[in-house]
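Enquirer: Model the full assembly from the supplied sequences, consistent with the hints where possible.
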Amino acid sequence: SRVTPSLPHSKMPSLTQLATSLWFIFSLLVAWPLLLLVQIPFFIAHKYLGHDPRRVWLGNIFRFFNALALWSNPFIRIRTKHDHRVPKKTQKVIVTSNHQSNLDPFVLSASLLPLETKYVGKGSLFSLPLGGWAMTLAGDIPIHFVSKSYTDMTTVKGSSRKCMETMASTLTG
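For the sequence shown, the numbering used here begins at 2 and goes up steadily by one.
Worth flagging that the hints you see were computed from the coordinates, not collected in a lab. A couple of the hints might just be wrong.
To be verified - Computed list of lysine-lysine pairs in DSSO-like fashion (alpha-carbon distance at most 27 Å, straight line):
(1) LYS163 x LYS93
(2) LYS48 x LYS93
(3) LYS93 x LYS82
(4) LYS123 x LYS48
(5) LYS158 x LYS123
(6) LYS163 x LYS90
(7) LYS89 x LYS119
(8) LYS149 x LYS163
(9) LYS119 x LYS93
(10) LYS48 x LYS149
(11) LYS123 x LYS93
(12) LYS163 x LYS119
(13) LYS123 x LYS163
(14) LYS149 x LYS119
(15) LYS90 x LYS48
(16) LYS119 x LYS82
(17) LYS119 x LYS90
Expert: Now the structure itself:
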């Protein structure tokens, strides 16, 4: 399946690019505090009552609020081509994608809803207020890098192994 967001590119004036970015950031600043308010009772049920051991509900809530922030943006339209290739709800798959923009995880989330998804992300993202905390609650998987440089993809010793073990247990569990 190929997801094609209509994002501002060099053909659009920079004012539109700025408006798109500002709208999306504002949407996240509104959505993420609400998201955490909704996630907290589900996290309590997960932690203390044993409900939702794989954090499916926590993940779906996070993805839904991110999708709302994207869908509310009048400058972005998402089209999914080859819908028949999107996995069925009961299938377990690993989806990989190269980043074209920082919107990619949001576009992917919106396109794959209501599928249960877990994301592997740069470890430093998980410490960001609101969004990073929600990623942790959702059961997303951090991978830690030695350097902050884009070009150095060396991971902290054991980080890749823990990531792979978590993905394996998610796929088999």
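Enquirer: Look at each hint and say if it fits the structure.
Expert: Hint check results:
1. LYS163 x LYS93: holds, 19 Å
2. LYS48 x LYS93: Holds, because 24 Å separates the two Cα atoms, which is no more than 27 Å.
3. LYS93 x LYS82: holds, 21 Å
4. LYS123 x LYS48: holds, 24 Å
5. LYS158 x LYS123: It holds: about 14 Å lies between the C-alpha atoms, which stays within 27 Å.
6. LYS163 x LYS90: The given pair, whose Cα atoms are some 26 Å apart, holds under the 27 Å limit.
7. LYS89 x LYS119: holds, 16 Å
8. LYS149 x LYS163: With Cα atoms ~20 Å apart, LYS149 and LYS163 stay inside 27 Å; holds.
9. LYS119 x LYS93: Roughly 11 Å between the alpha carbons, so the hint for LYS119 and LYS93 holds.
10. LYS48 x LYS149: Cα-Cα ~33 Å, so violated.
11. LYS123 x LYS93: Distance ~23 Å between LYS123 and LYS93 Cα, so the pair holds.
12. LYS163 x LYS119: Measuring from Cα to Cα gives roughly 14 Å; hence the hint holds.
13. LYS123 x LYS163: holds, 13 Å
14. LYS149 x LYS119: holds, 23 Å
15. LYS90 x LYS48: holds, 25 Å
16. LYS119 x LYS82: holds, 22 Å
17. LYS119 x LYS90: holds, 14 Å
Checked against the numbered hints given earlier, the structure breaks only hint 10 and satisfies all the rest.
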